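Novice: Each chain, letter by letter, is given below.
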Amino acid sequence: MKYTAVMSGVVDVAARVIANRRLSDDYNVLALDAPDIAANAAPGQFVMLKAGRGNDPLLRRPFSVFEVLRDGGAPAGVSILSKRIGTSTRLLYDAQPGDVVSTLGPLGRPFTIVEPPADAWMVAGGVGLAPFATLAEALRARGVASTLFYGARRAAELFYLDFFRNLGVELVLTTEDGSLGERGRVVAPLDRALAARPSASPVMIYACGPERMLAATARTAAAHARPCQVSVERIMGCGLGGCYSCVVPMRNGNGGAHHVRSCISGPVLPADQIVWD
Amino acid sequence: MTDLSVRIGSLELKNPLIAASGCFGYGVEYADVVDLASLGAIVSKGLFLQEREGHPAPRIVETPAGMVNAIGLQGIGARRFIEEKLPELRARRATVIVNVCGTTLDEYVEVSRMIGDADGVAAIELNISCPNIKEGGIQFGCSLTGTYDVVKAVKKVTRVPVIPKLTPNVTDVASFARAAEDAGADAISLVNTFLAMVIDVDTRMPKISNGVGGLSGPAIRPIAVRMVHECRQMVKIPIIGMGGISDARDALEFMIAGADAVQVGTANFVDPFVWAKILDGINDYAARHHLTRLADIVGTVQHETAPSRS
Numbered sequence: 166m167k168y169t170a171v172m173s174g175v176v177d178v179a180a181r182v183i184a185n186r187r188l189s190d191d192y193n194v195l196a197l198d199a200p201d202i203a204a205n206a207a208p209g210q211f212v213m214l215k216a217g218r219g220n221d222p223l224l225r226r227p228f229s230v231f232e233v234l235r236d237g238g239a240p241a242g243v244s245i246l247s248k249r250i251g252t253s254t255r256l257l258y259d260a261q262p263g264d265v266v267s268t269l270g271p272l273g274r275p276f277t278i279v280e281p282p283a284d285a286w287m288v289a290g291g292v293g294l295a296p297f298a299t300l301a302e303a304l305r306a307r308g309v310a311s312t313l314f315y316g317a318r319r320a321a322e323l324f325y326l327d328f329f330r331n332l333g334v335e336l337v338l339t340t341e342d343g344s345l346g347e348r349g350r351v352v353a354p355l356d357r358a359l360a361a362r363p364s365a366s367p368v369m370i371y372a373c374g375p376e377r378m379l380a381a382t383a384r385t386a387a388a389h390a391r392p393c394q395v396s397v398e399r400i401m402g403c404g405l406g407g408c409y410s411c412v413v414p415m416r417n418g419n420g421g422a423h424h425v426r427s428c429i430s431g432p433v434l435p436a437d438q439i440v441w442d
Numbered sequence: 194m195t196d197l198s199v200r201i202g203s204l205e206l207k208n209p210l211i212a213a214s215g216c217f218g219y220g221v222e223y224a225d226v227v228d229l230a231s232l233g234a235i236v237s238k239g240l241f242l243q244e245r246e247g248h249p250a251p252r253i254v255e256t257p258a259g260m261v262n263a264i265g266l267q268g269i270g271a272r273r274f275i276e277e278k279l280p281e282l283r284a285r286r287a288t289v290i291v292n293v294c295g296t297t298l299d300e301y302v303e304v305s306r307m308i309g310d311a312d313g314v315a316a317i318e319l320n321i322s323c324p325n326i327k328e329g330g331i332q333f334g335c336s337l338t339g340t341y342d343v344v345k346a347v348k349k350v351t352r353v354p355v356i357p358k359l360t361p362n363v364t365d366v367a368s369f370a371r372a373a374e375d376a377g378a379d380a381i382s383l384v385n386t387f388l389a390m391v392i393d394v395d396t397r398m399p400k401i402s403n404g405v406g407g408l409s410g411p412a413i414r415p416i417a418v419r420m421v422h423e424c425r426q427m428v429k430i431p432i433i434g435m436g437g438i439s440d441a442r443d444a445l446e447f448m449i450a451g452a453d454a455v456q457v458g459t460a461n462f463v464d465p466f467v468w469a470k471i472l473d474g475i476n477d478y479a480a481r482h483h484l485t486r487l488a489d490i491v492g493t494v495q496h497e498t499a500p501s502r503s
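Line order of the protein sequences matches chains S and X. Whatever position you read off the first sequence (first residue = 1), add 165 for the numbering used here. Whatever position you read off the second sequence (first residue = 1), add 193 for the numbering used here.
These are calculated hints, taken from the structure and not from any lab test. These numbers were taken from a predicted model, which means no experiment stands behind them.
Covered stretches of chain S, as calculated for chain X (at least 3 residues, CB under 8 Å):
no., segment
1, 216 to 224
2, 404 to 410
3, 413 to 427
Short derived list, chain X residues pointing at chain S, Cβ under 8 Å:
no., residue
4, C216
5, G218
6, V226
7, E246
8, G247
9, A250
10, R252
11, I253
12, P257
13, A258
14, G259
15, I264
16, G410
17, V463
18, P465
19, F466
Glycine included, each C-beta is placed from N, C-alpha and C at the ideal position.
Make a model of the complete structure from these sequences and hints.
Specialist: Below, the structure is given as structure tokens:
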């Protein structure tokens, strides 16, 4: 497989914060006024946000496009789902409507979206829910039956459940403390569902979340001989292929590994090509 | 309209703004975002004879007003660059400076010969200053004889201008500028990154896989300006200055300190559209100061220890 960059219509927008919805003490959804990005963003693509104005923090941070916001049908902006873990995400958590956030995008290779009769099974861990709102909409538009396997630490950190239900997405929920859905990790019910599915019924697995969850999802998909696309998260310097920071080891066909830039060859990558630790 | 052109040896650049090696991929990555022909030049990622995979992630960590990187010179090698990247760069009318690496003197010579013969290469920047690889590179750049020998050897095998890129991780950078000049360098570029380390106090592990890396960004700018100034006093050959340049004023500061041209690296990560903004700012400055030639400001810092360029 040859990984080539998909790069067109990239713009840097001084995006006004339309709304900042704090979902919990850690998570927020930041809605940004960026019609030019909204018009071109495909499910799985990301934006690079500059949280502050000065030199600290200096670099942008990558975020999956969470929602494409519309104003009477016309693309008006994008939102991001953020979890507060560092300086930039703290600034974004505290952002006020009217603040301006420099937003570069859309960037990266999107998901390859299946068609019926294939089903789509999305696997999300924590903030890894982010790329699946737009994917679920695209799947719905194509009439693809969809399931979301969604795990978090506790019930209060499972978000947007009604959003997915309203799109006809079947929900399989897990929490580490058992406060909602099955207790444990999200890959367990995924594995059972794959075991129960007739091999003649095609299914595409889409996964986004912590690295160990992605690796476990990739192993499960491979064990059941199902295709799997993962959206990886790496520390990223530029988002455009310039810095070579965000590399993922991919099989090179000679039994070795090749470092692939996840910003331009990903963030969506075929799970069976990644060399998992 | 001010004349922004600058001369780097036999090479004339339409303006002094150059994309720094390791910060601009092979240039082609940015072709849809930046008009490559609008830049004075672009410098490729460092190239060895062979392909290299570099270090595992994490490769960068952010610091106050800067970043530390240890990419490990991942690259496609000289041959693939000539075959796969140069044709598009030529078609985009980019002025291409190729950053040449080596683990041995012979490798520098061989890569330089290949690159210098390739159609569309304007100059060679000799990477004798990368802090992130075990062999070669900075070993040459941290030794006066090593610097002299590699420049001398490369000059014998190519007609394109040769520009050694100096490391700041030495006691007296100006003496290395002198060694480069004595060996026949057409120009020098400086500074490469400052060796640095960032530790996670919870895990007590370095935050990048290589342990140590190179610090770049606005945090290093005043040190880099000082080093350019010191080199200006020591050598007559053109100097390409860099280190934390983010806007027109930063670029002008380096030129006034003694740089004939400047490179921009980390700022391109923050804002890939920074190039036009810097050029606009330089033009505004030139108009405000009634400059006919931008090159007239080079080395004009008003200070009693300031160098005379005559």
